[in-house]
Amino acid sequence: MSAPGPLLEVAGLRTHFFTRSGVVKAVDDVSFALARGEVLGLVGESGSGKSITGYSIMGLVDPPGRIVAGSIRLSGRELVGLGHEEMRRLRGNRMAMVFQDPMMTLNPVMRIDRQMTETIRAHERVSAAAARARARAALVAVGIPSPDERLASYPHQFSGGMRQRVAIAIALLNRPDVVIADEPTTALDVTIQGQILHEMQKLTRDAGAALIWITHDLSVVAGLADRIAVMYAGRIVEHGRCADVLSQPAHPYTRGLLDSVPSRNPRGARLRQIPGMTPSLAALPEGCAFRERCPRAGPACAQAPAMQESGGRGVRCHDPLAAVAATAGP
Amino acid sequence: MPVYVIRRSLQALVVLFAMSLLVFAGVYAVGNPVDILINPQAEPLERERAIAALGLDKPLWEQYATFLRGAVAGDLGRSFVHSAPALQLILERMPATLELASAAMLIAVALGIPLGLWAGLRPDSVSGRAIMAGSILGFSLPTFWVGLMLIMVFSVMLGVLPSNGRGPTVEVLGVPVSFLTVEGWRHLVMPATNLALFKLALLIRLTRAGTREALLQDYVKFARAKGLSNARVILVHVLRNILIPIVTVIGLEFGSVIAFAIVTESVFAWPGMGKLLIDSINLLDRPVIVAYLLVIVALFIAINLVVDLLYSVLDPRVRLQEARG
Ligand SMILES: Nc1ncnc2c1ncn2[C@@H]1O[C@H](COP(=O)(O)OP(=O)(O)OP(=O)(O)O)[C@@H](O)[C@H]1O
Ligand SMILES: [Mg+2]
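Residue numbers (our numbering), protein chains in the order written: chain A, 121 to 450; chain B, 42 to 366.
Just chain B, with the same shape it has in the complex:
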């Protein structure tokens, strides 16, 4: 097990390195930040000085070497726009995004698994069909549109929920969170629901399909033949089996929820990493873009590792491969 974790971490480093190289070159190809960042009316001499201050006068490979040297020491460079380290900018925004993503995932799981189970147990009932129809809507409606509709209904028409921002936050261990106050919840609930919708639909379908398949298995019939109650057959025998794919998907989707948060954050002006990224791309603020993507990749890798470990706990047939990758 420790061997496994170490090897996975080494693989992660390679991925991060490759990623940084790609993004570095990619942003370079997109455009020259000098055109955006420096006042076109500036004196040529002043211009020269500004370019040199950002390190943009050097050839690309040298800029990358400088970045890499810093990165090894944990310094991902300074933002071109804000006079602050890029990593710091991102870490400041991360709690907001993580809170939004966690709340969304929680909503998706808390509703998706029971609804999917119900629909799987009664596929032909009216309620089962209604749940499935709802999940199709969840899949097909675009996130930004649903977000706008939510704002229309709850903020504009009913006026019960705030339409933007995060509201007041409370510090927990130095991390600002909003879920501890009523006002914070009022700000959180709409963007979280918006972000949850797609995952909710996915979880309903996954759980339903898993349930239907599991119900046909001999081990379910045998469990019933043993005289177990229906509740025990479903909540222990069926659920333990379908939980394996569900946990995998929840883990992997958590990464994509963080990535998808960009849209929701833009719609609800949620002060998270996604909004920072959009702004940084507009300004070609390369250090922030690179740092954002590296942080996201690191998060993905960490989540994948946790999923793998969980997987081996849930499914006794899976043993983490010590010998192979």
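Isolated chain A (complex conformation):
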């Protein structure tokens, strides 16, 4: 398959929730592209719209939420507006998702083998034995010992880390082109986090899958992602190559995030926090959503800044820290 253009292309995506208390613009004009085998780190505070971006791609946004605008193309094929059955055929097959809390993602009353084989048989006509063999191989691949015994177990017989491995094995069962990992290590303890991170990176690389790694922790994506997109209040405020963004953040929000990462600060130094709180998405003021918390905010910020792109980098700021904007323009 040699589709021209990127594997996954999201353009101008807007996903809004129509609630009683108003329209929540959870995702509001998000664009990015992902090449085959590439790893994108999607970073942002809680409530910035990372998960909803992932759900939008997977076609898993539930009412009262709805994709109101934009386009999502997978290998050139438009997913927005695709029928239920066509979308179902892609889910778990060409694209897969791993969730944050491994204690909740597996069905507690179904055996692991059934939860795995049904994923295969939802997309392919294979015998029960063949599906089981593939499920077993997938468990081995994610480093689960005594897979035969494990296949016959129930989720409660696994530790959190093991459950997340099973969820990852399920996500990779049908060799998807895109894997969306929604903070899959956040709920795990630190040593397991590292292992899972490492394995997931290796597995997706081996499978040639592109990976969207969602996290609120910049230090997690630092060694993992090829590119980073920073989200704030439903928008991507900065994106670029991982090393560029980390060494030379252009958006004051990215700077703030970096300053609050413990490992990047000298020992004993007080961690700097971004002042204030994430604004309510239902009542977002006009202009830059970050301006109330921004140390550099000026009068210009009353107008929403547009994304300024140059050389594979982009920033949505009137007064960026780094010289991204300098080369931008007509």
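Calculated directly from the structure, the hints in this document are not laboratory data.
Heads up, a few of these hints could be off.
Pair by pair, the computed Cβ-Cβ distance ranges are [claimed, not checked]: (1) B/Pro183 - A/Ser400: 47 to 53 Å; (2) A/Ser247 - B/Val223: 44 to 50 Å; (3) B/Pro183 - A/Arg140: 50 to 56 Å.
If you want the ones that stay clear, here's a sample from chain A, every Cβ over 10 Å from chain B, calculated [unchecked claim]: (4) Gly157; (5) Glu198; (6) Leu210; (7) Asp221; (8) Pro228; (9) Val381; (10) Gly431.
A short, non-exhaustive set of chain A residues, derived as facing chain B with CB atoms under 7 Å [what the hints assert, rightly or not]: (11) Val181; (12) Arg208; (13) Arg211; (14) Asn213; (15) Phe219; (16) Met224; (17) Thr225; (18) Asn227; (19) Val229; (20) Thr239; (21) His276; (22) Gly280; (23) Met282; (24) Met427.
No experiment lies behind these values; they were computed from the predicted model shown.
C-beta atoms are modelled at their ideal positions from N, C-alpha and C, and glycine is treated no differently.
Mind docking chain B with the ligands on chain A? Use the hints.
This is chain B with the ligands only, laid out in the frame that chain A set:
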């Protein structure tokens, strides 16, 4: 597992013993059956003889000791009124009540789970709201009133269904049942519906609440993310989870359906245990009352045991406790 069943059975014996003691003393406190059973115009000597024949001349503790001795051997005493063993009277009436209760439960389950599922999947739709409104009616209308209304409409006004009795029965393995003949069904359907109504309302609400809660769970979203069809997500992933509380409630409610059958049996003159109990209470027929309650308690205990066993089959997280009670 066998250990578990044995221990539960021993617990059951203790409960039965305590129950018999309470009921014995309770009926004694309510009134003296002698006043009802023996002709007030009888000669004093004849009176004495009748009292002695019923064993009511002895002190209460001695009467209880006699009862207990018999009970251990499976004899719960003879009815004061009918000249037959109390247990036999009850067992003769039991199939009618069990059939009525089973039919009612079947109606409640067969309608309640699908309706509840539907209402849970579409809580804001007109049909979903209509189902909920109906279940509120089912909860709030008194059983006897609904029974009378059913008789009014279907027996009196339309004249399509018989208003009382059980109709002809067919013996299956020595047990008389009515569900095998059309005429039997015509007699069964109204009282069973009447008895089912409350449980139907309960099951609708339970299923709906369970469905709504399950739909919010990550495992449902993950199941959809795997590309499973909606039907499979709902009928396998959601239903298997909500079935756990539903089965528990069905089991426990089955006992109460048998107990509640008293009202319906009275309204429809259904010849079951409940009607026998009412008659026996009116006549202070203590052996029958005691035997009835012991049988009901034994049924409850047996049902609870079955529910527990089923529960452990349905929910892998539940392991029957071998060590503790
Ligand atoms: N069903 C819903 N109804 C209304 N608003 C919703 C709904 N689901 C999500 N939102 C809103 O969408 C916004 C983005 O949510 P999202 O789950 O994408 O955040 P996130 O970046 O993944 O945060 P976290 O790190 O906490 O997972 C949130 O502010 C939330 O209030
Ligand atoms: Mg999230």
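Evaluated hints:
1. One distance hint, 47 to 53 Å for the beta-carbon pair B/Pro183 and A/Ser400, holds here, with the actual separation near 49 Å.
2. Between A/Ser247 and B/Val223 the CB atoms are about 47 Å apart, so this pair conforms to the stated range of 44 to 50 Å.
3. In this structure, B/Pro183 and A/Arg140 break the distance hint of 50 to 56 Å, their C-beta atoms being roughly 37 Å apart.
4. Under the 10 Å C-beta cut-off, the non-interface status given to A/Gly157 relative to chain B holds; the minimum distance is some 21 Å.
5. No beta-carbon of chain B is positioned within 10 Å of the beta-carbon of A/Glu198; the least distance is around 19 Å.
6. A beta-carbon of chain B is positioned within 10 Å of the beta-carbon of A/Leu210; the least distance is around 7 Å.
7. Chain B draws A/Asp221 into its interface by the beta-carbon criterion, the shortest separation being 6 Å against a cut-off of 10 Å.
8. Not every CB of chain B lies more than 10 Å from the CB of A/Pro228, the least distance being 6 Å, so the non-interface label is violated.
9. Distance check on A/Val381: its Cβ is at least 28 Å (rounded) from any Cβ of chain B, clearing the 10 Å threshold; non-interface status holds.
10. With a closest Cβ-Cβ approach of about 35 Å to chain B, A/Gly431 is found to remain outside the 10 Å limit, as its non-interface label requires.
11. The beta carbon of A/Val181 comes no nearer than 11 Å to any beta carbon in chain B, farther than 7 Å, and the hint placing it at the interface is violated.
12. The closest approach between the C-beta of A/Arg208 and any C-beta of chain B is roughly 5 Å, which is under the 7 Å cut-off, so the hint is satisfied.
13. Residue-level restraint check for A/Arg211 holds (minimum Cβ-Cβ distance to chain B is 4 Å; threshold 7 Å).
14. With a least beta-carbon distance of about 5 Å to chain B, the hint placing A/Asn213 at the interface is held under the 7 Å criterion.
15. Because the beta carbon of A/Phe219 sits about 5 Å from the nearest beta carbon in chain B, less than 7 Å, this interface hint is met.
16. The criterion of a C-beta within 7 Å of any C-beta in chain B is met by A/Met224, whose closest approach is roughly 4 Å, and the hint holds.
17. Proximity of A/Thr225 to chain B holds as hinted, the smallest CB-CB distance being about 4 Å (cut-off 7 Å).
18. Given the 7 Å rule on beta carbons, the hint for A/Asn227 holds: about 5 Å separates it from the nearest Cβ of chain B.
19. A cut of 7 Å between beta carbons decides the hint on A/Val229: the least distance to chain B is about 5 Å, and the hint holds.
20. The closest approach between the C-beta of A/Thr239 and any C-beta of chain B is roughly 4 Å, which is under the 7 Å cut-off, so the hint is satisfied.
21. Restraint check, A/His276 versus chain B: the minimum CB separation of about 5 Å is within 7 Å; hint holds.
22. Checking A/Gly280 against chain B: minimum C-beta separation of about 13 Å lies over 7 Å; hint violated.
23. Proximity of A/Met282 to chain B is violated relative to the hint, the smallest CB-CB distance being about 16 Å (cut-off 7 Å).
24. For A/Met427, the suggested interface contact is broken, since its CB lies about 29 Å from the closest CB of chain B, more than 7 Å.
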